[in-house]
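Peer 1: Here is how the chains run, residue by residue.
Protein chains: 2
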Amino acid sequence: MSTLFLRTLRDDPADAEVPSHKLLVRAGYVRRAAPGVYSWLPLGLRVLKAVEQVVREEMDAIGAQEILLPALLPRDPYETTGRWTEYGDGLFRLVDRKGADMLLGPTHEELFAQLVKGEYSSYKDLPVILYQVQTKYRDEERPRAGILRGREFVMKDAYSFDLDDDGLKAAYDAHREAYQKIFRRLDVRYVIVAATSGAMGGSASEEFLAESEVGEDTFVRCLESGYAANVEAVITPAPDPIPFDGLPEATAYDTPNATTIEALVQWANATLEGTYGGQDTLKTMVLRVRQPGGVWELTGIGVPGDREVDMKRLEASLEPAEVEVLPEDGFAAYPFLVKGYIGPKSLVENGVRFLVDPRVVDGTSWIAGADEPNKHYVGLVAGRDFTADGTIEAAEVRDGDPSPDGKGPLVSAKGIEIGHIFQLGQKYTNAFEVDVLGESGKPVRLTMGSYGIGVSRLVAVIAEQCHDEKGLRWPRSVAPFAVHLVIANKDGAAIDGAHRLAEDLDAAGLSVLLDDRKASPGVKFKDAELLGMPVVVVVGRGYANGTIEIRDRFTGEATEVAVDVAVSAVTAAARA
Amino acid sequence: MSTLFLRTLRDDPADAEVPSHKLLVRAGYVRRAAPGVYSWLPLGLRVLKAVEQVVREEMDAIGAQEILLPALLPRDPYETTGRWTEYGDGLFRLVDRKGADMLLGPTHEELFAQLVKGEYSSYKDLPVILYQVQTKYRDEERPRAGILRGREFVMKDAYSFDLDDDGLKAAYDAHREAYQKIFRRLDVRYVIVAATSGAMGGSASEEFLAESEVGEDTFVRCLESGYAANVEAVITPAPDPIPFDGLPEATAYDTPNATTIEALVQWANATLEGTYGGQDTLKTMVLRVRQPGGVWELTGIGVPGDREVDMKRLEASLEPAEVEVLPEDGFAAYPFLVKGYIGPKSLVENGVRFLVDPRVVDGTSWIAGADEPNKHYVGLVAGRDFTADGTIEAAEVRDGDPSPDGKGPLVSAKGIEIGHIFQLGQKYTNAFEVDVLGESGKPVRLTMGSYGIGVSRLVAVIAEQCHDEKGLRWPRSVAPFAVHLVIANKDGAAIDGAHRLAEDLDAAGLSVLLDDRKASPGVKFKDAELLGMPVVVVVGRGYANGTIEIRDRFTGEATEVAVDVAVSAVTAAARA
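Line order of the protein sequences matches chains A and B.
What the first sequence shows, in our numbering, is residues 1 to 576, in sequence order.
What the second sequence shows, in our numbering, is residues 577 to 1152, in sequence order.
Because the hints were derived from the structure by calculation, they are not lab data.
Since we're looking at a predicted model, the values are computed, not measured.
Where is the CB? At the ideal position from N, CA and C, for every residue including glycine.
You may find that some hints are simply not true.
Unchecked claim - Capping the alpha-carbon separation at 25 angstroms, the derived lysine to aspartate or glutamate pairs in DMTMM-like fashion look like this:
1) A:K117 to A:D187
2) B:K674 to A:E224
3) A:K98 to B:E717
4) B:K700 to A:D516
5) A:K98 to B:E593
6) A:K345 to A:D245
7) A:K407 to A:D245
8) A:K22 to A:E211
9) B:K693 to A:D506
10) B:K1046 to B:E1136
11) A:K124 to B:E717
12) B:K990 to B:E800
What the hints assert, rightly or not - Covered stretches of chain B (in silico footprint by chain A; criterion: 3 or more residues with CB under 8 angstroms from a CB of chain A, positions within the stretch not fixed):
13) 616-628
14) 647-657
15) 662-670
16) 705-717
Said to hold, decoys possible - Covered by chain B, according to a simulated footprint, are these stretches of chain A (three or more residues, beta-carbon under 8 angstroms):
17) 4-14
18) 68-76
19) 89-95
20) 110-124
21) 132-139
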């Protein structure tokens, strides 16, 4: 440590909000070079490399082959798939000296699809899984929390290519298991949640979320069944339909100024009783939706009035279409839209696609707009008075909502995305016509999966989950050094003994960080706690009596052992 | 090999000119993704990682500490040192979503200087050597030869920080030795040449050039003394001055239309004899020179007329100033410049800085322009008829020129730059005011060295130096696999035996590439030669008689050995 390029800081950096960011900077693991762009100092780089190594070993174990593609990429392939545009401001774009458009790779589906197309030509070549550990670039709108969400970051991205869906499923399952092993080895607490596929395209997809208060992803789970899903992926269980027999007819009421759900509920509570008492409101919202390459079209949605529309869920449901709420000045073009009093009837009658929350099953009765100023229907029955074109997951998910598997209530929690596995299908192989000659002699279009792990992010996630109030606490699998050996005795014999012990531990295969600085024991202990090696060995006062101390950074437990068994005792502690 | 992501190609790629480029593509080591931008396939990546590993080990051995800085960098520090502008089109620049200017790092002096300034504050912290193995970016005007000169490439860059020149010298020497070890371990034939410092600034500097016909760097060396230098760095030995006594007076001659050196020489040969016979011409050239941040100023140079001006040497001599030959339309502003007849006298008399080749010593007589149309002086004597402001290395260097050390003639050769070591001095520490508190209590400005190795380029250099007409031939230190085991026998027992041998070799610590493909022995042997593992083991016809064959890819030698001693024999061959 007397020569290590390391300065620990007493104070938290001004721009840091989350514990991992504060500690990784204070302990001298990383330094900020620009917003969302970080330098890795010696200790940080050792953790990063250790995480990479675990990831590599488990990827190799499933037969994945490591390659390395460039980060600086031509525009063309991303133009072919539309992502040059879709990524919007999130893509770092540049122009080279010849005027060619280029980009910094945010993820590499295009390049891998092209590569496999270029190399492979026969069904005999398949299946194949390729991966890389690479620096990636995304121009995040709000880079935050240090290396937790950076603009330059290290990712492991893997891509599988198969002849059919069974092959894709097998590759997907192999990655799922490999990821579980990786995160277990890294001591990360995580959940696997059903996910939507975002801009990646494709169908089946799951996210690995590290449980964390500072996470930006909200997920829900059912503690009874273990079901877990990204909020965007929650499927609302539909109740059984209700027979129409005996349901009262819909009646139009005067509802002056009841242009909001709150006002309407107030009116209903004050006015309705008997047959119509206790009916729920149906909130109708009008959207503009545009399929890729298409034109803007109207779509109406109906959700129970006591729920907010969750725009992220709504957008995920309609993907890859773009969505926006019909703006104020958009109403003029549709005279049948009476703002504040829009109901299902006129939408359906005027040919507007109308999608409802899965809870709006046939036979449910609703208070809904009557498409005239100051009028609402009461007792408007789904399936009888209006028929929707389908259902949509647009309503907010709440704690206590029933789990889709019917086994209990959902509770929500926060997480940090650390892994993502996708069955992409043929989105990219179609774009680049990635075919091989099949067994039958006819061309077969390949099907593709993509699988990512946030390698540099994991360093922050582990710091986030493992720290305590004194500093970092690294799991043995990724600690920069296995042992932190503190010389806390000014006696020459003790100092010599500590150096000898460091050499012996090194010879025994343990990496040792030796604190040989001219500093007080107090300063050294504080730094040892901040830096967070799992095992701290102290050569202190006891050395004169032939003992050293072994401290466990996780439990805080301290054990005195005799100097002559120090190597085996420390080795045992370090490998525990 | 039946599952390896590898397709060898029969034909050379259309854009490849040099052997390493052709072979690395044909053998499936790399693939082009964009001009000057390459993907590393499994075998190529293994070589790249092996080179990285050798570099890391020798850097660690001199106490250098590995860190990792970002490739995506803010403009500010490069603005501070002027390199944001100096790099011209060679720099990849981009603008982020917030409108901030950024760049892709071509080299990192600025960032390392800033980093050390941020962490260190006392003389006790010094010295320190930091390094990284990182992807770098330069928008080369002519990316060429595959990974030999790419726009995205892997470099090891190291930076030393010291309190004084002695420290810098020690760090420089440590790097010089480490580089020698690295290149020896990689089996690279190289020379160390004195170099100019280019855009990097600073003083003492040497280049490590791999000897190669396809190199872009020309260097000269003296075979007698071992002296070697980049052409830009060659210092011309000055002859002894000649006493003026007895030298005839300068005489102006009519030299109609002798506006070129050729015409002038022709005229002199036809006209001059006796006293003035055999005089050499002096070529005068007028330049515009601009110091950084300054204005354009006239400079004249004079070189012996039988030598061309070497613009690279000229520019290196005047660095960091910009230089251009005075353009046609620039003469009008200086009536004393008579185009075709410019001589030293009017330049000196009109206050133009005038620099001469070191051979133009006092007492040498020249035929030179007389500053009037169709007139030249003959017998114009340096030091008597004109006095230059100094010397300049601007004339071409030729094979046969005397070595600066006086020990013999120079011969020229081509090389590829693989390493570069610089004593930068305080250029960057001045720019960022990198001071620490000195032992005396006063601030000390640090002095800095920078040291680079072209890691990905070395893969091409090794391929360039080691291939033969059949394919690649990797030195044992960087071969993707130690052993290439070819199954050239369809018999079940032989196939099983080959698999067992592969496992045993693996257990013995050798990496094995097993060719288990359903292909003919001929195809397999050809691929083995193309791929270039140093040791090829063939399980072929001899297996029935209890023998296998071991082939040395370098010597071509084949040895039959008994199956029961195969592991030890192959191990010995692989470790030879």
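Peer 1: It remains to establish, for every hint, whether it holds in the given structure.
Peer 2: The hints, checked one at a time:
1. A:K117 to A:D187: violated (38 angstroms)
2. B:K674 to A:E224: violated (46 angstroms)
3. A:K98 to B:E717: holds (9 angstroms)
4. B:K700 to A:D516: Roughly 14 angstroms separates the two Cα atoms, so the pair holds.
5. A:K98 to B:E593: holds (22 angstroms)
6. A:K345 to A:D245: holds (21 angstroms)
7. A:K407 to A:D245: violated (31 angstroms)
8. A:K22 to A:E211: OK: K22 (chain A) and E211 (chain A) at ~19 angstroms, within 25 angstroms.
9. B:K693 to A:D506: Given pair K693 (chain B), D506 (chain A) is violated - Cα atoms ~32 angstroms apart, limit 25 angstroms.
10. B:K1046 to B:E1136: The given pair, whose Cα atoms are some 22 angstroms apart, holds under the 25 angstroms limit.
11. A:K124 to B:E717: Status violated; Cα separation ~42 angstroms.
12. B:K990 to B:E800: holds (18 angstroms)
13. 616-628: Holds: 5 residues of the region 616-628 of chain B have a Cβ under 8 angstroms from chain A.
14. 647-657: holds (count 4)
15. 662-670: holds (count 5)
16. 705-717: holds (count 5)
17. 4-14: holds (count 4)
18. 68-76: holds (count 7)
19. 89-95: holds (count 5)
20. 110-124: holds (count 5)
21. 132-139: holds (count 3)
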